[in-house]
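Sequence order for the protein chains is A and B.
Just remember that the working numbering sits 39 ahead of the position in the first sequence, which is counted from 1.
Just remember that the working numbering sits 61 ahead of the position in the second sequence, which is counted from 1.
Just so you know, these hints were derived from the structure itself, not from any lab.
Please note that the accuracy of each hint is not assured.
[Claimed, not checked] Derived SDA-like pairs: lysine to any residue, alpha-carbon spacing no greater than 20 angstroms straight-line: (1) B:99 <-> A:70; (2) B:171 <-> B:186; (3) B:99 <-> A:80; (4) B:99 <-> A:116.
[What the hints assert, rightly or not] To spell it out: a stretch of chain A is covered by chain B in this simulated footprint if at least three of its residues, at any positions, have a beta carbon under 8 angstroms from a beta carbon of chain B; those stretches are: (5) 62–72; (6) 97–105.
In this text, a Cβ means the ideal position worked out from N, Cα and C, and glycines have one as well.
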Amino acid sequence: MQHTPEHPSPQRRGLTAIDGALALIAILLIVQMWLLTATLEGFLAEHREGILPAAVISGVLLVACFGLYRFVRGVDREVRRR
Amino acid sequence: MNPLRNTERNTEQEPLWREEVSIFAADERYVNRRQFAKFLVLTSAGMFVGNLWILIRSWLTGETAWPARPVALVSEIPVGGSRLFNYPGPNDPCILIRPAENEFAAYSQKCTHLSCAVTYAPQRARFECPCHQGYFSARDGRVLAGPPQRPLPRILLQRQGDRLIALGVDLQTERS
Chain A
40 MQHTPEHPSP QRRGLTAIDG ALALIAILLI VQMWLLTATL EGFLAEHREG
90 ILPAAVISGV LLVACFGLYR FVRGVDREVR RR
Chain B
62 MNPLRNTERN TEQEPLWREE VSIFAADERY VNRRQFAKFL VLTSAGMFVG
112 NLWILIRSWL TGETAWPARP VALVSEIPVG GSRLFNYPGP NDPCILIRPA
162 ENEFAAYSQK CTHLSCAVTY APQRARFECP CHQGYFSARD GRVLAGPPQR
212 PLPRILLQRQ GDRLIALGVD LQTERS
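Can you build the whole structure from these sequences, using the hints too?
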């Protein structure tokens, strides 16, 4: 089959999927960085009520990042196996 | 035997180095992206550890009990003058000022921006940080100008005859 821009090769599609996942991981990481900065600022200002929710949300974001990483690994293995 | 199944099994059993170091140029892009994703996830784990560290610190430190301690004699400080002392610990520099005859105030001497020592400017009724031109009001410690985001912590004072006693620290976070 001829691969055209409308019908890209599995290699090309895999790269696009991985790039999308990488962009999502980067966005989640930026949110985590902001969260850590805001939590530290609150801790130093004795605003302690937000520390536990921030840690929980940071953990959820880490799990999401790890899930996306597993997706990247899965796509990577599948495409390179072909 | 199905050759495709055979290939799949071989890929599953490939050593780790073959996954990380590809001999095909096309696969190299995949390896780079996967390694970058791994780096991002490890950074994300670092952020989570940072949040956990803050949480544990906040659990361990709890509420601070401030000691009551004499910090100066009234007769030692002229009107418009200042005096340095440490409170609550030996590494917590503070500055005591006397703007009027019967008026005393004390604040932490650490600038809330990057902890440089602030100095008292009585003619302008403010504290000045020489590092980044941060200015705080001498009346209540609030930020007047510059990069600091929080007011200076105020030391709670009580006058007992000629002695000034420090009773605690008001972080004044409701002002920030």
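Now for the hints, and whether the structure bears them out:
{"no.": "1", "hint": "B:99 <-> A:70", "verdict": "holds (18 angstroms)"}
{"no.": "2", "hint": "B:171 <-> B:186", "verdict": "holds (17 angstroms)"}
{"no.": "3", "hint": "B:99 <-> A:80", "verdict": "violated (28 angstroms)"}
{"no.": "4", "hint": "B:99 <-> A:116", "verdict": "holds (15 angstroms)"}
{"no.": "5", "hint": "62–72", "verdict": "holds (count 6)"}
{"no.": "6", "hint": "97–105", "verdict": "holds (count 6)"}
Against the hints set out earlier in the document, a violation occurs for number 3 only.
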